[in-house]
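K.L.:
Each chain is listed here by its residues.
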Amino acid sequence: MHRSNRIADFDDPSFDPFATFESATQSGSGEDPYARLAEMRRQKSVFELDYRELLGSPPDLTMQGLPKYMVLGAADIQQVLETPQLFSNTIFERNVGLCFGRSLTVMDAPEHTRYRRLFQKAFMPSVVSKWGDTLVDPVVHGLIEGFKGKGRADLVREFTQYYPFQIIYRQLELPQADIAVFHKLAVGLTCIVVDVAHGVEASQKLGAYYALLLDERRNGGGSDLVSTLAQAEIEGERLPDEVLVSFLRQLINAAGDTTYRATSSLLAGLLSNPDQLDAVRRDRALIPAAIEEALRWEPPVTVCPRLTLQPVVLDDVQIPAGAEIDAMTGAYNRDPARYDKPDRFDIGRKPLRHMGFAYGAHVCIGQHLARVEMTRALNALFDHLPNLRLDPDYEPPQVTGVNMRVPAAVHVRFDA
Amino acid sequence: MKTWQCLSCGFIYDEALGLPQEGIAPGTRWEDVPTDWKCPDCGTGKADFEMVEL
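Just so you know, the sequences run in chain order A and B. Mapping the first sequence onto this note's numbering, position 242 (from 1) lands on 263, and the numbers just tick up by one. Mapping the second sequence onto this note's numbering, position 8 (from 1) lands on 31, and the numbers just tick up by one.
I should point out that these hints are in silico values taken from the structure, not numbers from a laboratory. The reader is advised that the hints may include incorrect statements.
[What the hints assert, rightly or not] Computed Cβ-Cβ distance ranges for the label pairs, DEER-style: (1) G343(A) / T58(B): 33 to 41 Å; (2) E76(B) / E194(A): 23 to 31 Å; (3) G46(B) / P34(A): 55 to 63 Å; (4) E74(A) / P57(B): 37 to 45 Å.
[Stated by the list, open to error] Cut-off 20 Å, straight-line C-alpha distance, at most; resulting in silico cross-link-like pairs (DMTMM-like, lysine to aspartate or glutamate): (5) K61(B) / E103(A); (6) K371(A) / D37(B); (7) K25(B) / D71(B).
None of the values given here were measured: they were computed from a predicted structure. Even for Gly, the Cβ is constructed at its ideal location relative to N, Cα and C.
Turn these sequences into a full structure, and let the hints steer you where they fit.
P.N.:
Next comes the structure, spelled out in C-alpha cells:
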C-alpha cells in the first residue's frame with residue numbers, strides 16, 4: 022500500500038492502540054455492571070468510591086489523587102449534569118485536555134456556550150439529514166456488498182466496526198493514503214487514560230496533520246467538514262485554530278467509536294428479540310423507537326465525570342471541592358423508578374427521556390447525525406439481507422464493558 | 024403550527040406534537056409553553072430557541 026508522507030505513525034509502529042483502548046473499557050471480572058449498580062441504588066444514591074475499582078476496570082491514571090464519588094440516583098444524576106456552575110467539565114482537562122486539546126468537552130460556560138453554537142451549526146438536524154444520501158448510504162451499501170453473498174456474517178467485525186469511521190473519512194475528504202495511520206493515531210489518543218505517553222504522541226502527530234489540512238483548505242471554498250468549520254462564523258467570530266483542531270481530534274472517538282458501539286448494541290437488542298426484529302422489518306416507521314430504546318438499554322457511554330468547584334451536599338453526602346463526581350448515566354437509563362423492567366429491550370415503551378446521549382449543556386453534539394447513521398444502517402441491512410437472524414452456531418451476542426459498552430460479535434445468517 | 028429549534032443542541036419543539044412526556048399537550052403553541060421551561064436535552068431556556076421551517 023502506498024504510505025503517505027504527510028502523516029507520521031507512532032515512533033514504535035508496532036504499538037497497538039486498538040487493543041490498548043479496548044482493555045481500558047472492559048471489566049476484568051466480566052461481571053454485569055448493571056446488576057451491581059441496581060443492587061447498590063436500592064441502598065442510596067451517592068457513594069464515596071471509584072466506580073472503575075468497584076466494577077473491575079483499570080484505574081484512570083489521569084484522575085489519581087482525586088476524591089471520587091459515584092452518583093446512581095436519577096434525580097441526583099440530573100442535578101449534576103444540569104448544574105455546571107457546581108459540577109464542572111474542567112475535569113476533562115486532565116485526560117481529554119492532554120490528548121484532544123481545548124475541545125468543547127473541557128470547557129464550561131460562557132466559553133463553552135459560544136463555541137458550542139458555532140460547532141452545532143454544522144450538526145443541526147437540517148444539515149445532517151442531507152448527509153444520509155451523500156455520505157452514509159454509499160458507505161453502508163458498499164460494506165454490505167462485501168458480505169451479502171455469503172449468507173452469514175459477523176455484523177460487528179464486518180460492518181459496524183467500519184461504517185461510522187468511513188463516514189468520517191468522507192466528511193473530512195481524507196486522502197486514501199492517509200487513512201490507516203490517521204485512524205491508528207485517532208484511537209491512540211483515547212489510550213491516554215492507561216498510557217499517557219502514547220496518548221500525547223498521538224495528539225501531537227494528529228494535531229500536526231490537522232494543521233496541514235487546515236492550511237490546505239482554509240480558503241479553498243470546499244464543502245468538506247474541515248473547510249466548513251474553518252469558515253464557520255457567528256456574529257463575525259471564527260473558531261480559533263486550537264479549538265478547531267481539538268474538535269477534529271475528538272471526532273473519531275466522539276463520533277466514530279460511539280456510533281460503532283451504539284449500532285452494535287442496537288443489532289444485538291433486535292436480533293435477540295425476533296418478534297421485535299420482525300415488527301421493525303415489516304414497519305420501518307418503528308426504526309426511531311428501536312434506536313431510542315437501544316440508546317436507553319445499552320448507551321455506548323455509561324458515565325459522565327464532573328469536577329466539584331466548591332463543597333456540595335448531594336443525597337446528604339458532604340463532598341469537598343476538587344472531587345471527581347461520576348454521574349452514572351447508564352444506570353439512569355436502567356432505573357426501575359423511570360422504566361418498567363428496565364433490563365428488558367422493548368421498543369414498545371412509552372417515550373421517556375433517556376441519557377444515551379448524556380444530558381445538559383454537553384449533550385452529544387452529533388446526536389442527530391448518529392440517528393441518521395443508525396437509521397440508514399438498519400434500513401440497508403434489512404434491504405440487502407433477507408431473513409436476517411442470529412446464527413445458531415454461535416453464542417448470542419452479549420454487550421460488555423464498564424464505561425463504554427459493545428458486543429464483541431453479532432453473528433448472523435441471512436438468505437444470500 | 025410551527026417548529027422551534029434549540030440553538031445549543033438542535034432539539035426541535037413541534038407545536039403539533041407538543042411534548043406529552045414533559046406534560047405539554049399536542050397543539051400547545053410556543054408562546055403557551057411555560058416561560059421557565061428548558062430544553063429537555065441540554066437545559067437551554069426558551070429565549071435561545073428560534074423558529075425553523077421543516
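K.L.:
Next step is simple, just say for each hint if it's right about the structure.
P.N.:
To see whether the hints hold, each was checked on the structure:
1. Between G343(A) and T58(B), the C-beta spacing of about 36 Å keeps the proposed range 33 to 41 Å intact.
2. The given range of 23 to 31 Å is respected by E76(B) and E194(A), whose C-beta atoms sit roughly 29 Å from each other.
3. A beta carbon spacing of about 57 Å between G46(B) and P34(A) agrees with the range 55 to 63 Å that was offered as a hint.
4. For the pair E74(A) and P57(B), the beta carbons lie near 43 Å from each other, so the given range of 37 to 45 Å is met.
5. Annotation: proposed proximity of K61(B) to E103(A) holds, straight-line Cα distance about 11 Å (limit 20 Å).
6. Proximity of K371(A) to D37(B) is assessed by CA-CA distance (about 18 Å); at most 20 Å being required, the pair is judged to hold.
7. Straight-line distance between C-alpha atoms of K25(B) and D71(B) comes to about 16 Å, which keeps the hinted pair within the 20 Å bound.
The structure fails none of the hints (numbered hints given earlier).
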